[in-house]
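Engineer: Sequence:
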Amino acid sequence: MTTIRQRRVGKGTEAAEDQPSEETNVKPDGKVLPDPPGGKLWNILSITVGGIVAISLGLLTSVYVATLHENDLWFSNIKEVEREISFRTECGLYYSYYKQMIQAASIQQGLHGLVYDNKTESVRTINILERMNVYQEVFLSILYRILPIQQYLEPVYFYIYTLFGLQAVYVIALYVTSWLLSGTWLSGLLAACWYITNRVDTTRVEFTIPLRENWALPFFAVQIAAITYLLRTHLQPAQERLTLMAVFIATFLFSLTWQFNQFMMLIQALALFILDCLDMLPTAKVTRLYIIQVSGLLLVCVLQFFNSMILGSLLISFNVSVLIARTIQKNLKKGGLLNRLGKLILHVLLVLCLTLLINKFIKKILNLESDEHIFKFLKAKFGFGATRDFDANLYLCEEAFGLLPLNTFSRLSSTLLFYVYGFVLFLLTAAAVIVAFRNLSGSNQVQLKEKREDYTVTLRPDAAYSLVHTVLFGCLALSTMRMKYLWTSHMCVFASFGLCSTEVWKLILKCLHLYTAQRTQVIKYSIPIITLLYISFKFWPGIMDELSELREFYDPDTVELMNWIKSNTPSTAVFAGSMQLLAGVKLCTGRTLTNHPHYEDKNLRERTKQIYQIYAKRSPGDVHGILRSFGTDYVILEDSICYERRHSRGCRLRDLLDVANGHIMDGLGENEPDLKPSVYPRFCEEIKKNLPSYTMLFTRVFQNKTFHVYKLAKHK
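If you're matching positions, the sequence shown starts at 292 in the working numbering and goes up one per residue.
Honestly, the hints are just simulated from the structure, not real lab data.
As the structure is a prediction and not an experimental result, all values here were calculated from the model.
Treat the hints with caution; some may be incorrect.
[Claimed, not checked] Taking lysine-lysine and the DSS-like style, the derived pairs with C-alpha atoms no more than 27 angstroms apart in a straight line are:
hint	residue 1	residue 2
1	672	654
2	1005	979
3	900	1002
4	655	672
5	967	672
[Said to hold, decoys possible] Cβ pair distances, simulated, as ranges:
hint	residue 1	residue 2	range
6	452	805	50 to 58 angstroms
7	691	597	29 to 37 angstroms
8	816	894	55 to 63 angstroms
9	444	801	54 to 62 angstroms
10	651	916	33 to 41 angstroms
11	839	972	38 to 46 angstroms
12	440	807	52 to 60 angstroms
13	597	972	42 to 50 angstroms
14	339	894	55 to 63 angstroms
15	957	346	54 to 62 angstroms
16	630	452	56 to 64 angstroms
17	448	491	19 to 27 angstroms
18	620	801	36 to 44 angstroms
19	702	818	19 to 27 angstroms
Backbone N, C-alpha and C define an ideal beta-carbon position, used for all residues, glycine too.
Turn these sequences into a full structure, and let the hints guide you.
Structural biologist: Written out as structure tokens, the structure reads:
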């Protein structure tokens, strides 16, 4: 069990393209007036100061999380094996490919080893570049090899500093998005401060460094910033082309670095679809964004050797369906309210049916089953019938895939973030409902003909997108805790934008009949400054205390196990065990595995379920036969799994296996009526009694307080 101990001292309203933009210097005919000389100078000064603040905050965040990581583990002082063990579960698996590329005799040999890998899954050769999103490890390892830094920087530091550096990109992107939405860099400053002070709920990079989301989310934030700029009006053609290129590059990098990219971009596509249907975004720009999403994903598909899971993604099916449905229904945005609502309902049904048909057809052609566990999990999670499926229950029982805990909101409220977010969300949702009703009822056309009458309630396209984006990702976070980091970071942007937005305060003051331009400007700047002062005075001492707290990595049992494996087993030995532990075995020892934590493959899921019979009620002969069928030489049993107490009854790994095998669970409590008692005792418990039926097949060769390693007899 890995622990951390105290360190010992001594060591737009409408979708029309001619809508007035955020700037005040716009003629009624839509042409942009040139800035006066003084205003232009002020704009340059403001952009310069805002840019310097953005870069400074990004670098400070990078240094902050790097310092926390060092203080938490004493990373610079611990041994290499301890550093590698600190990359827990799938993090260790991903980092092992970076290490493998670094240690290869040449770049070509390293790439060959990844394309024809026979050590990640025993008795099977797989293409790592096809199965996993590890191009970032490949790129980083090549960069490390060709740069003259080997004498000054260890490979592990080059790796973790790159991830911490991406945090700077992340914070700068959030800052810029908020700045673009509100028109003032003070909003970006507030967003960055909220991101830092709510670090527990906005990022986990300091203790899960190689996790795919830590690579992907900075690029996702850059993409959102670029989309926010794209949705501004009065962009010059060159500006729009450059922005579209930025969106494409960010989308491509996001898709390349995370296997769950397709699900995140599907939610983004749904946001675009909703806003397009409600006539709140320019259709031409939405179409380009659909095409960018699909083309970026298809390019990743090519790089991943035509990964079938990408081709069968719902995102591709949905985007293609929207484009087809729009071609069929050409007069979707014409007519009165009831007429348009009827067309809209038909359009939604058509898109839904086409998406399901296209997706079903693609999966049938490709015989695709890699993502079926996700849909089984979703079906069981949202109450569409109980399941005994082992893979679905494995997800359901993990806290990370459960509902968002209520204490999250108390933490977010302590920084005022959640209160401000809720306030802004309520106002903009009400505004969006009014604007959507006005658009659908045909009032938009009337407005354009009547010289742009100034409505009290308006909503710019970029603000509308930000609103629907935060609502949809909020729903995702509420349903699945692991996905909260997609929501909370954007929550910082959305709340700071609302607090610094002229439009929001103008709406509030007009409703209260207190509006004046001067009063709006005073409130727009004074409230955010007061909020920043409150955050600084309340949380600065805590941040300083956090940075001064020193701990160290401490996991002697795992270190002892890894050292024993390296010293006492052949390099070709095959190990079986829990997928979390085996990722560390591969990284620390280079031994061959039977299974691993990258779960997006049906054959691997079936293999893992079979390997896990070591914790079920099975005969020694059955377990031996299963393990030997995968070429296993050694099996590692963990007391923390065999005698698990972390989960309640029904969610312990042994309970999931018992139910999947049709056996009654251990302990007091109810069982489903068709479950039967097993004729065999639990393997992981019984093997420790050294009975002849076990010792003739399994020989214990290592043990400590946590692990027991058994060598398998070659034949029964």
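Engineer: Which numbered hints are broken by the structure, listed smallest first?
Structural biologist: Going through the list in order, the structure violates hint 11 alone and respects the others.
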